[in-house]
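Novice: Keeping the supplied structure of chain A fixed, place chain B upon it in accordance with the hints.
Which chain is which? The protein sequence lines are A and B, in order. Just so you know, we're using this note's numbering here: the first sequence kicks off at 201 and counts up by one. Just so you know, we're using this note's numbering here: the second sequence kicks off at 206 and counts up by one.
Just so you know, the hints here were simulated from the structure itself, not pulled from any lab data. Everything numeric in this text was worked out from a predicted model, so none of it was measured. Positions of the beta carbon are idealized from the N, C-alpha and C atoms, including for glycine. A few of these clues could be false.
Unchecked claim - Pair by pair, the computed Cβ-Cβ distance ranges are: (1) B:332 <-> A:424: 49 to 59 Å; (2) B:299 <-> A:432: 44 to 54 Å; (3) B:416 <-> A:705: 56 to 66 Å; (4) A:216 <-> B:416: 44 to 54 Å; (5) A:425 <-> B:299: 53 to 63 Å.
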Amino acid sequence: MSSNSGCVRVYADYDRDFSEDVDVVVVGSGPAGAVTAKELTDAGLRVALIEEGPPFTPPDFEIDGAISMARTMREGGLRMTRGTVMPTMQGIALGGGSLVNSAICNKAPDFVLDDWCAKFGLEHTTLADLDPHYDAVGEFLGIAPTPESVQGRRNLLFKQGCDALGFSSEPVSRNVKGCRGSGECFTGCRTRAKQSMDVSYVPAAIRRGALVLTSARVESVLNDGSKATGVAGRVVAPFTGKASHSFRVNARAVVLAAGCMATPVLLEKSGKLANRSAQVGENLQFHPGVAIMGVFPEDVHPAFGATQGYQSKQFLRDGYKLETLWAPPSVLAVRLPGSGMAFKNRLADFARSAIWDAIATCNRSLGRVRTRSGSMNPSLLWRLHPEDVGILTKALWTLSEIFFAAGAKSVVSGVNGMPDEFFSLDEARMLTERPLRDRDLVIGGNHAFCTTRMHGDPARGVVDEYGRCHDIRNLYIVDTGIFPQCPSVNPMWTAMALAHRSAEHLCAEL
Amino acid sequence: MLPWLIVLALAVWLAIRIGVGYPPLTHGYRVLRRNEVALLASVSEAMFPPGGHIPSSGLDAKLPDYIDRWMSLSSKQTRVLMHLLYFLIEHATVIFPAPGRAGRRRFSALDFDQRVAALQGWGESGLYLRRLVFVSLRSILTMGYFAHPPVLRQLGVAPFAIESPICEADLLYPRIGARSADIAYTTDDLTTAREASPLLPGSPLHPDFAEEQS
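Pulled out of the complex, with its shape left as it was, chain A reads as follows:
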């Protein structure tokens, strides 16, 4: 076992071109990459973990939502799909999206994993197979249900509404230790309670000897035609992305955890690598989300409380999951209707408002990732299937039911062609009665999947169920691109569990 402590290099540390030799190079420090790096170093392997973004410390966090997004998200947080126009985000920071997500940890439901096994030729990916890996990750990160002391009224009203209607609900389990309910997950946790990868798995990997290269953009996977031999790229300045020194990391194995929207681009730019199946970049899926605001007669104090503290899985089999939501008000206000004085006065309702959202299982809504000339950013095409519009509309109706059951005096749906505000459940029934199109809804592209999907048949998938590429030896993919379908719940814990398993498998192979 290695006992040498590793180190981190940041942008200002680079003063020349360089190369490194390691056993395994991991590309991407988000949840899957960080878990992989830590597990491999624990096994005594020399590991380099490469991240394009910089590490953020609390003084680097910007509380303002838009400025924060411009600094922590790729393309300044303005990435959009074509087809159905929908914003979607990907983090660019040490820790990846875990730096700015709500720390929600859900296991994939057993019926989803059974479906994956049945449809995609997988033999060892049931909940029972993954449970030991879920548990290992859960124990390390301290994943636990959100305590009532930091729920805040915004979250507890959701529970109250669900209880009144007889819907099941539960506190969200999160990778958090000592949350104070600041509601600032989205802009970086100033309380350091969130166990994002940069404060959990990455330091653990460094303790065991990992070399962490930040502000380093991998631009190609090196290979000799049959096996991966390393990666090459350029040092890039934080925020501007201006490239400077070149680097190369030679390795016995390469693990790609660059994210579902970036890994296909990297493979394509590496000479259409690992794509005999023609599935690289295909099958793009999201959990499209809709949100609705409920206005209560008295103050809700929405700024206080866990960012997303409560959820309901009552309707998972119907295709949607319900959850509470908080984000910087500027981000939330995008969904509100109107302009001028009416819009301004609606913003004034914020203190008496709660915002809840639904994420939908949209396996029929497919898209693809393509490369852009002269850029490592992806071009995304995706269309929301008409039947999935129905799921999202139904979810809006259910959220309206919960709001009115919790005592809201009105709800603001933000749906085009509908009244700005519904003052009763009867009025809100219009949501279910009028046919809607994708462009009538304000939707957000939460989570992204399937662009390098796992499949037991090499002709129909890019990797096997251990993340090992079918086409090329010593190349693994562990990000959410390997999911064969969207998992119906927030994917972080599942991505980490699968990465934990892949790391075990890779150790055995090396």
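Specialist: Leaving out everything else, chain B in the frame of chain A:
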């Protein structure tokens, strides 16, 4: 000869419409141009007019200054798209005139009521792309409006004062822009884990958002 005269007349009209008559800048901007500052000020006044339930107006919030800072952090491609968006809003009155007299003037030259009506026209248009343009513009302005501390205080959603503990990660990473050798913390600085006390409504606000003391 006549076609050339028409082309010339059009070119002169276009040059005047695009470049003439904007007020001088009161201070330097990193990204925004003089005509864009005028447009954004006029849109912000119409989008967040004085009065109503929130005392601060869009002009109080100095939205062009905020947008200039935000755009300076954005990619070149994003900045190009933003410049195009502003140009479109400013000059689309040629195609979608504001109601009332001289409704085809550029947006920033319209009367207040005409600007309000023009924005409403974008937001409630039957054309999806027109609505999309409106939502994009409103989102940018709203981001700036919510960055104005008095607005957040008035809405009761200003961020709390939080003293960040020193954890292991702070011994590993310097602030962005600094070198690893500049990390000032040692293991002696690590903050002892303490019982987390929830931040309750009424807890002290972040210094940047707290009311200024006279």
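Novice: Range hint 44 to 54 Å: satisfied by the CB atoms of residue 216 of chain A and residue 416 of chain B?
Specialist: Taking Cβ atoms as reference, residue 216 of chain A and residue 416 of chain B lie about 51 Å apart, which means the hint holds.
Novice: Is the hinted range of 49 to 59 Å satisfied by the C-beta distance from residue 332 of chain B to residue 424 of chain A?
Specialist: 54 Å, holds
Novice: Do residue 425 of chain A and residue 299 of chain B keep their Cβ atoms within the hinted range of 53 to 63 Å?
Specialist: Taking Cβ atoms as reference, residue 425 of chain A and residue 299 of chain B lie about 58 Å apart, which means the hint holds.
Novice: Taking 56 to 66 Å as the hint, is the beta-carbon distance of residue 416 of chain B and residue 705 of chain A inside that range?
Specialist: 57 Å, holds
Novice: Should the hint that residue 299 of chain B and residue 432 of chain A are 44 to 54 Å apart at their CB atoms be regarded as holding?
Specialist: 51 Å, holds
The structure agrees with every numbered hint stated previously.
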